[in-house]
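Protein chains in written order, with the working numbering: chain A, -7 to 175; chain B, -7 to 175.
Fair warning: there could be bad hints in the mix.
Heads up, the list lumps identical chains together, so a pair's fine if it works in one copy or across two of them.
Mimicking BS3-like on lysine-lysine, the simulated pairs with C-alpha atoms at most 30 angstroms apart in a straight line are [claimed, not checked]: (1) Lys171 with Lys28; (2) Lys171 with Lys135; (3) Lys52 with Lys28; (4) Lys28 with Lys48; (5) Lys171 with Lys130.
No wet-lab data here; the hints were simulated from the structure.
There are 2 protein chains.
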Amino acid sequence: MALPPDRATVRAMTDNKDDPNAFGIWDGEVAVELPKEFDASLYYIGRIRTPWKQRKDCPKNARESEAVCTVELEPRWAPALKDIETCTHLVLLYWMDRSRRDIVLQMPRHYGVQRGTFALRSPARPNPIAMSVVRLVKADSNKLEVVGLDCLDGTPLLDIKPYFASTDAVAEAVVGWHKARKG
Amino acid sequence: MALPPDRATVRAMTDNKDDPNAFGIWDGEVAVELPKEFDASLYYIGRIRTPWKQRKDCPKNARESEAVCTVELEPRWAPALKDIETCTHLVLLYWMDRSRRDIVLQMPRHYGVQRGTFALRSPARPNPIAMSVVRLVKADSNKLEVVGLDCLDGTPLLDIKPYFASTDAVAEAVVGWHKARKG
């Protein structure tokens, strides 16, 4: 869904509001000028190893694949995995480092309707942090084997959290635009 | 749970491994030296308004409070809220800007047992990104009213995502160390 990053394109595009297609923004997509400065900074704490080397090979969503993926943590952070083996499920946060950050209205190709960025799980967003709920298969010193990812091989890892059903599981939640599309 | 940030303390502490209590690390807590450089950067896209001005006033977890909190988005990003009113629940990512980032083993006061940082939801973690699932009460231009937060007033917002029960809700998930503590 994400277009390749291209700062020059972003700037040119926002300077040419009359021709939003001129620099590769798709029909129906709208970009804004990014803030001049960043506000905070991140460490990559490891990498995610998956079978998918190109975006076209990735499953469309994580439920499509039972592939076991590997989370490789930098040795510095390995002690922080203590007790994680007692968790059946985890929340992983990772960084979609090739995503555009300036698009506020998107036209996902498989839906064909313009949607707001915050109503989508597209990697293109102001802070391209992806969130996935995964099943923990195995924990081993600085590596975790998990099921439930759909990202590219080598994706930078930002955080690992225990998944608490009491606060994180909302079975009755509805994404109206998505439901309407299917119904 | 998080100690106040203090870069000098962090450095001093990691230079004094023989006396982990000397600079305010609690018994049973372990810090590591932080990486020399950051790898990526974030924009604050807005602020979260809550009734809680000090950490001691915050609910211990989000299920303890039915308080309606307000997400105030910077006007730049407001168009990205399109369609969000069709979502019953959202994932919010926000930045715990006052947290230490170097602690790998923690001693949460209300548990009294040493745990790995990645087995905890404590704000003290290498990338202090908090994740909360909230119920959307009202969406209005650049403001959202939501229920399910427990953070300080003024907390910087990083991302808003639609919550998909199909991939995000795992009712049977178990955090073993937490269950054992209660059982």
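We went through each hint and held it up to the structure:
{"no.": "1", "hint": "Lys171 with Lys28", "verdict": "neither (38 angstroms within a copy, 46 angstroms between copies)"}
{"no.": "2", "hint": "Lys171 with Lys135", "verdict": "between (37 angstroms within a copy, 24 angstroms between copies)"}
{"no.": "3", "hint": "Lys52 with Lys28", "verdict": "neither (33 angstroms within a copy, 36 angstroms between copies)"}
{"no.": "4", "hint": "Lys28 with Lys48", "verdict": "neither (33 angstroms within a copy, 35 angstroms between copies)"}
{"no.": "5", "hint": "Lys171 with Lys130", "verdict": "between (35 angstroms within a copy, 19 angstroms between copies)"}
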